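*Asks:* Letter by letter, the chains look like this.
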Amino acid sequence: MTFISEANIARQIGDLCMWISEGSINHIEMGMSLTRDLGFDSMKLMQFFAGIEELYNGIGLEDWFIEHSSGGRDTIGSVVRYLTQARILVAAE
Amino acid sequence: MSSRNAALPTFVNLSSAAPKQVFEQEQLWDEIFDQWYAELPDARDLGTVTRVERRHLAWNPATDIGAETRGIGDRMKAYVEIVDEVAGEAFEDLLRPMDRADVGSIVMASSTGYYGPTPDYFLAKRFGLKPNIRRTHIGHMGCFAAFNVIKTAMDSVIARPNEYTIGLCAEFSSLHFRPEATREQAIVHNLFGDAVGAFTMAMREPGHGPQILATHTLQSFETSDMMTLSVMDDGVRMTLSPYVPFVIASLIEQFVTDLCASADVDPSEIKHWAIHPGGPKIVDLVAQKMKITERQLESTWHILREYGNCASATVLLVLEHLVKNDKPAQGEIGVMLAFGPGLTLEGALLRF
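From first to last, the protein sequence lines are chains A and B. Mapping to my numbering: the first sequence position 60 is 60, numbers consecutive. Just add 1000 to wherever you are in the second sequence, counting from 1, and you've got my numbering.
For the record, the hints were derived by calculation from the structure and aren't laboratory data. Some hints here could point you the wrong way.
Claimed, not checked - Not everything, but these chain A residues come out facing chain B in the computed CB check (under 10 Å): (1) K44; (2) E53; (3) Y56.
As the list claims (entries may be wrong) - With a cut-off of at most 30 Å between alpha-carbon atoms, the simulated DSS-like pairs for lysine-lysine come out as follows: (4) B:K1077 with B:K1020; (5) B:K1289 with B:K1324; (6) B:K1077 with B:K1125; (7) A:K44 with B:K1289; (8) A:K44 with B:K1291; (9) B:K1125 with B:K1151.
Bear in mind that the values here come from a model prediction, so they are computed numbers and not experimental data. Backbone N, C-alpha and C fix where the C-beta goes; we use that ideal spot for every residue, glycine too.
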């Protein structure tokens, strides 16, 4: 697995969110909640999860959404941190 | 698995009923939802995304609620009348083939109404059941409460194998529709319908109806605010996180494995699926995870399309339709599943 910095992951996730939002948002911040701020419904979440799996070689977000889906904690930044950590663990195996 | 000829808690009869008023989704949008959700972009799409085509509703949202809302008192008053009418219809169907003196217990669930004595008291009185009948009313557990009814009924028939237990789930979500213009509430109001699902349970050997081989429960303690019910001044407000289908899908394989293991059944033996259609995405993802075919989902989709999500009554409606439509052969294995606040997953393993 090639090394991708946290900043690059943040950029890729931001681009993915902009693409799924189909122009309904014009900027992305790490503190934005996928559901509360970006208004993702279950269809858009499905696209988001599929996009993550494609970008990061099958890394799933199941553990992430069990932990972060409530109370607006589903921020873009939390996804970025989760993926950074997950990639380090995969690389170490 | 328990001995193939053993007497087990068995659904010896199933019945259902619904309010007489039927509404097409488009009609509801033309008459009131366009007004309620005027400020939501692409609001009409929410009417189709639920895959509900028509619903039986106790209250016509256009005329019984309208542009203004109604207080909780009015809503509960309406519940008292409708629950007696519709639950009475399902109850009467169950009593028809049996001797009323053999009914030892009634177990009833509802998350959409409150008054006491609870409706089961009035049903017992109206239909001439004995005054020492055991009654249990299960309130406010949400869409999976059919399983609380089933499990209480199982305890009842196991403890007193010569008696019948009647189980009922009566839900009238239309009495809680409120003109709140958010996408979440618009989806709730386009998904939920009203119905009563009911059964008679008794200890029986194979061949008298679906036997219950095992039940299983799982609470996901990290996701308590994903699906909630709160009493407001103007009705019960339900919330539904878009993550719900994904959490259920992430837990379902292990859940079904555990359910089957408790009866020593291999999950590959499951032929029939009665799934609570909490929403279309839940059914899609559960089907994808468990490799359930469209043919096996016919009853689940039929009930969602024709009745909507009728909360705790739904999985009983699906089972009733499955028994009539699929005509499972004796000995075939089936699963009932429902999901609700918690999130909580409930299941029962059946042998037809």
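*Asks:* Check each numbered hint against the structure and report the violated ones by number, ascending.
*Replies:* 2 and 3
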